[in-house]
Amino acid sequence: MKIEFKNISKSFGKVQANSKISFTISTGSIHAIIGENGAGKSTLIKILSGQILPDEGSIKLNNKKMILGSTQEANKKRIGILGQDPLDFSNFTVLESFLAGGNKSSVIVSKSKIEKIISEFSKKFDWEIDVNSLIKDLSVGQRQQLELIRLLYLGAKIIILDEPTSGFSLDQKKKVFDNLRELAAKGYSVILVSHKIEEILEICTKVTILQNGSVLQTLDLPVDPKLLIKKMFGKSSEITNNLTPSFIMNNNNNAKNLSLEIKEFSSEEKIKLAEGTIIGVAGLQGSGSDKFIKSFYSYSPQSKVYSDEITSVEYSNITYVASDRLEKGLFPDMTIKEHIALMYNSKSLINWSNTLELTKNLINTYGIVGNPETLAKNLSGGNQQRLMLALIKENTKLLLLEQPTRGLDIGSAKFVWENLFQTRSKKNLIIFSSVDLDEIYDYSDYIICFYDNKIVSTGYKNVLSKSIVMEKISGN
Amino acid sequence: MSSLELTFITIVSMSAPLIFAVIGETITERVGIVNLSLEGTLLITALASFAVTIWTDSLYLGIISAGLIGGLIAFLIVLINFRFYINQIAVGFIFTIFLWKLSSYLGGDFVRIPGPYLDEISVPILKEIPFLGPVFFDNNILVLSSIILIPLSWFFLFRTKFGVNLRAVGENPSAADARGLDVMKYRFIYSFVGGVLIGIGGATFSLEVKYGWSEGHTLNYGWIALAIVIFGGWNPVRGSVGVYGFGILQVLSLKLQSLTIGFSQILPLIPFPLMILTLVLIQSANKNEGRWFPKPIRLLILGNQPQSLGITYKKDS
Chain A
1 MKIEFKNISK
11 SFGKVQANSK
21 ISFTISTGSI
31 HAIIGENGAG
41 KSTLIKILSG
51 QILPDEGSIK
61 LNNKKMILGS
71 TQEANKKRIG
81 ILGQDPLDFS
91 NFTVLESFLA
101 GGNKSSVIVS
111 KSKIEKIISE
121 FSKKFDWEID
131 VNSLIKDLSV
141 GQRQQLELIR
151 LLYLGAKIII
161 LDEPTSGFSL
171 DQKKKVFDNL
181 RELAAKGYSV
191 ILVSHKIEEI
201 LEICTKVTIL
211 QNGSVLQTLD
221 LPVDPKLLIK
231 KMFGKSSEIT
241 NNLTPSFIMN
251 NNNNAKNLSL
261 EIKEFSSEEK
271 IKLAEGTIIG
281 VAGLQGSGSD
291 KFIKSFYSYS
301 PQSKVYSDEI
311 TSVEYSNITY
321 VASDRLEKGL
331 FPDMTIKEHI
341 ALMYNSKSLI
351 NWSNTLELTK
361 NLINTYGIVG
371 NPETLAKNLS
381 GGNQQRLMLA
391 LIKENTKLLL
401 LEQPTRGLDI
411 GSAKFVWENL
421 FQTRSKKNLI
431 IFSSVDLDEI
441 YDYSDYIICF
451 YDNKIVSTGY
461 KNVLSKSIVM
471 EKISGN
Chain B
477 MSSLELTFIT
487 IVSMSAPLIF
497 AVIGETITER
507 VGIVNLSLEG
517 TLLITALASF
527 AVTIWTDSLY
537 LGIISAGLIG
547 GLIAFLIVLI
557 NFRFYINQIA
567 VGFIFTIFLW
577 KLSSYLGGDF
587 VRIPGPYLDE
597 ISVPILKEIP
607 FLGPVFFDNN
617 ILVLSSIILI
627 PLSWFFLFRT
637 KFGVNLRAVG
647 ENPSAADARG
657 LDVMKYRFIY
667 SFVGGVLIGI
677 GGATFSLEVK
687 YGWSEGHTLN
697 YGWIALAIVI
707 FGGWNPVRGS
717 VGVYGFGILQ
727 VLSLKLQSLT
737 IGFSQILPLI
747 PFPLMILTLV
757 LIQSANKNEG
767 RWFPKPIRLL
777 ILGNQPQSLG
787 ITYKKDS
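Order-wise, the sequence lines are chains A and B.
Numbering of the first sequence is given in the numbering used here, commencing with residue 1 and proceeding in unit increments.
Numbering of the second sequence is given in the numbering used here, commencing with residue 477 and proceeding in unit increments.
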């Protein structure tokens, strides 16, 4: 289906999210939309899927004007969206969540029929989804998989994928991409919103670059990836890996030795490491790597870090940064200023004018796009993560990061890591998990591989090669 | 008729208004709306059905008008919430007090008038079956409907497409909207339906359980119903088990009054700590991802509050 955006504008208060966006997506193409965090991608996609009514402009599908601001209309036009955080129902069973809102099922629910559909699709993509479990017991990746199955089953003709592949393993991703190509060949339109340049170059035929809410350019692919990055970030495009630490440099003789006690996950009871090490926990979605990170953070933790033979790092000196930022990290309905007040005030009466000053400073230092009165839920993903960094306790000795750059663009991810390296110079231990092997190799000194809730391999980066890690985390 | 059978029938009949109220409120809360006006709605509809029946001499008109008034009140709560973003709980609470005062003001003329009541519908032969016969084949239409409503509403909520969509709206309205469900329409329709059932519950009071009208006629059952909805984990069948359990303890305490002194007074109090204990059990099934419960048992006792219950829904603008 041909999609024409014409002069789409939308502002939220003073923020112009989209301004006069016009471009065309042709029938049967896989079209990428890229741009920095806050460039207006999500807004544009929400307008196409009827969740947001634009201030002005129109969208034509196959030369017919579409009614905007109505999800009913978008569903009728077979527009399906797969979000970064899947729009599903956490207390429902897989079956119920699959059915909700679908107009294809019969009045009385037929369990066996739906089970068959889900298992057929799962087989095709090599997924495992238990239809009887609850949505909240699934990993984000599994939830995305289920959503994709649902969209395909409902016969979506325009499939929007908003930053979708973080939950898929390499093999799974390949199968999904193959399937998307097949659909495009049949005349479906696929829109891929992604920060991952390689991914875009691999499957997309065209790319539209957004910048500050406007279209910068629409290009035919393939092009030189460096050019794409340059266009996407303008000046801030010098992405280098010179941040990569060398553990040897760091492993000086003065550094104290630490040991990790990790009985729950490994037959080896302890791992000895130098202070200031960054530990990357590699594993696919659902491998237990996130559980491992979380196991350090509790009053009576399953896993502990000892700074010498007897003393373990205290709860009050641990900071845990969850991957689900709005649910576990921030208070969605509180302002940036209020977050800062909570973190940096020890007295019972809050000094608001000091807090305001501090907030302004932190907003500057961390480059948060927003003002002190902006609610956390209204920040973009990248800015939420920046706020989380601004909130890391000063006395942190153990910093736990769950998927720290999930859903962030390259610029924001780079900022996060630069910031974390500063923290490291204060001789802390950082443990982070990631499904992205490049991230693990770029930023960690020591690597722990996870498969099926167990540690399957550990070692310093220079000893453990990437191909070994790849094999280990996929269960070989 | 044995005395055990008689007790059984008393419990089933006495519980009818609570069954209507609990199921009505369960449906309402499943779509994400708290109708806190329950106590007030029961009072005003009990009065209305009685008054209309006296004026028109038609029991059915009495029941229908009570249903419509109950639906209208629920509709108003949703309307005020949607149009002016005023908290549902605040509005419901004000409605309770207002309707309670209104019922005692308007009801002055109806106090202690001997009233009409519903006749039994008797089916010969079948009504001779012990226990089931008198309940199903020698009973009035309201008690009978209250029993049929239990499996019916369960089936609707958990086994039909409309039920799944209704609950989806109560769980996550934004996601439901993204999937093309009209959140507003769902909330209006099913709150109205729930309100109608609550209204019929009110009619059941004045036409079946306690004939006629008196001030505070509904014995605070509205508040009890609100608690039983939670106790029942927003499930009509479990809620009804709660209602009948409550009824059994009430009847027991009446029966035992003559035999013991002191103890029987405690019986009516038992349901409340019991409810709290049950809630603790449900909560522990949720915790730790319910690891130590076998999956079917866990699904059975899970009683999650609809996640957007009572939260004003505002579409991104």
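Be aware that a few hints might be false.
Stated by the list, open to error - With the C-beta cut set under 10 Å, the calculated list includes, among others, these residues of chain B facing chain A: (1) E596; (2) R635; (3) A644; (4) E647; (5) Q741; (6) P744; (7) Q781; (8) G786; (9) T788; (10) Y789; (11) K790; (12) K791.
Said to hold, decoys possible - Simulated pairs of lysine to any residue, SDA-like, Cα-Cα distance not exceeding 20 Å: (13) A:K294 <-> A:S316; (14) B:K637 <-> A:V131; (15) A:K270 <-> A:G69; (16) A:K113 <-> A:V140; (17) A:K111 <-> B:K791; (18) A:K231 <-> A:L53; (19) B:K791 <-> A:G69; (20) B:K791 <-> A:S457; (21) A:K304 <-> A:M334; (22) B:K790 <-> A:E394; (23) B:K791 <-> A:V15.
Derived by calculation from the structure, the hints in this document are not laboratory data.
Virtual Cβ for every residue (Gly too), placed ideally from N, Cα, C.
To see whether the hints hold, each was checked on the structure:
1. E596: violated, 33 Å
2. R635: Since the shortest Cβ distance to chain A is 5 Å, the answer is holds.
3. A644: holds, 4 Å
4. E647: holds, 4 Å
5. Q741: violated, 40 Å
6. P744: Check failed: Cβ of B:P744 comes no nearer than 33 Å to chain A, outside 10 Å.
7. Q781: holds, 9 Å
8. G786: Violated, about 15 Å.
9. T788: violated, 12 Å
10. Y789: Check failed: Cβ of B:Y789 comes no nearer than 13 Å to chain A, outside 10 Å.
11. K790: Violated, about 12 Å.
12. K791: holds, 8 Å
13. A:K294 <-> A:S316: holds, 15 Å
14. B:K637 <-> A:V131: holds, 17 Å
15. A:K270 <-> A:G69: Not OK: A:K270 and A:G69 at ~56 Å, beyond 20 Å, violated.
16. A:K113 <-> A:V140: violated, 25 Å
17. A:K111 <-> B:K791: violated, 32 Å
18. A:K231 <-> A:L53: violated, 29 Å
19. B:K791 <-> A:G69: holds, 10 Å
20. B:K791 <-> A:S457: Measuring from Cα to Cα gives roughly 48 Å; hence the hint is violated.
21. A:K304 <-> A:M334: Cα-Cα ~32 Å, so violated.
22. B:K790 <-> A:E394: Since the Cα atoms of B:K790 and A:E394 sit roughly 38 Å apart, the hinted pair is violated (cutoff 20 Å).
23. B:K791 <-> A:V15: Holds - the C-alpha atoms of A:V15 and B:K791 are around 18 Å apart, at most 20 Å.
Of the numbered hints listed earlier, those contradicted by the structure are 1, 5, 6, 8, 9, 10, 11, 15, 16, 17, 18, 20, 21, 22.
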